[in-house]
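The opening position of the sequence shown corresponds to residue 1 in the numbering used here, with each subsequent residue numbered one higher.
Since the hints were derived computationally from the structure, they do not count as laboratory data. Quick caveat: nothing in here was measured; it's all calculated off a predicted structure. What you were told as hints is all true, and nothing was included just to trick you.
The calculated lysine-lysine pairs, modelled on DSS-like cross-linking and capped at a C-alpha distance of 27 angstroms, are:
#, residue 1, residue 2
1, K44, K272
2, K257, K172
3, K72, K272
4, K257, K174
5, K257, K142
6, K44, K72
7, K272, K184
8, K44, K184
9, K184, K172
10, K142, K184
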Amino acid sequence: MRIETGLIDQTDKKLSDSKAKKTRKRIKKSMPSSVVQRLFDTCKEVFGSGADGDVPSPADVERLRVVLDSMKPADVGLTQDMPYFRAIETEGAPPIAYLHLYECNRFSMGIFCLPPNAVIPLHNHPGMTVFSKLLFGSMHIKSYDWVADQPCATNDNLNPSYFQPPGVHLAKVKNDSVFTAPCKTSILYPNTGGNMHCFTALTACAVLDVLGPPYSDPEGRHCTYYRAYPYSSFAGNTGLVPEDGSEGYAWLEEREKAENFSVIGALYRGPKITES
Numbered sequence: 001m002r003i004e005t006g007l008i009d010q011t012d013k014k015l016s017d018s019k020a021k022k023t024r025k026r027i028k029k030s031m032p033s034s035v036v037q038r039l040f041d042t043c044k045e046v047f048g049s050g051a052d053g054d055v056p057s058p059a060d061v062e063r064l065r066v067v068l069d070s071m072k073p074a075d076v077g078l079t080q081d082m083p084y085f086r087a088i089e090t091e092g093a094p095p096i097a098y099l100h101l102y103e104c105n106r107f108s109m110g111i112f113c114l115p116p117n118a119v120i121p122l123h124n125h126p127g128m129t130v131f132s133k134l135l136f137g138s139m140h141i142k143s144y145d146w147v148a149d150q151p152c153a154t155n156d157n158l159n160p161s162y163f164q165p166p167g168v169h170l171a172k173v174k175n176d177s178v179f180t181a182p183c184k185t186s187i188l189y190p191n192t193g194g195n196m197h198c199f200t201a202l203t204a205c206a207v208l209d210v211l212g213p214p215y216s217d218p219e220g221r222h223c224t225y226y227r228a229y230p231y232s233s234f235a236g237n238t239g240l241v242p243e244d245g246s247e248g249y250a251w252l253e254e255r256e257k258a259e260n261f262s263v264i265g266a267l268y269r270g271p272k273i274t275e276s
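With the sequences and hints as input, model every part of the structure.
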């Protein structure tokens, strides 16, 4: 009896390929995922459920914070001697590099690489929950929340010379501190936690940002920049806030993006993120 060896060979090859695929899948599942992959998977779970723009539950916020708190520069392929972080002699603020990791309509992940003296001007995050992890370096962060129920001025508590220019609103200082890595992840919410903030690099530093949801002009989440004035800037404002706490308040005015603020896109070269 003649045996069709070609058919047997093909069958054996198919069986072999099938076994190889299953083996690769088992190996892939057994391999530990990278930290950045774990961050991505956690973001998908935290921001993937609920309505767009919903603030994650306290438990989900904690889950994501724990992953970010554990992250180090090497987890995203960064070292402090990279060109992004070199001091630059320039008349204005030095340019900032942005490494794009991922973005969808639910969340975005990216890293700001700041050389010494670089500044990210005061800006807002409308309708967003934001996680900022300082991977290395030292920076000053100043943040504000709007005073939702601004005290009304009356003849009893307001100087007749009081003047508040149009478009200027009262805000309360949330943070005015220097952060040095390693430190806890900063978290801000749509209306609390310091939704408007400014970063000033005291040394070269890198900040990993997770935004949920990301900026979107069509959906009304566009970035607005502000100029801050001391509370005492406007005559006659005595009485709007407690006198002994006036330093904890400021007046914010919308402004155009600063001309010397430059962010340059750069290629992320860290561990790959796999969408499953």
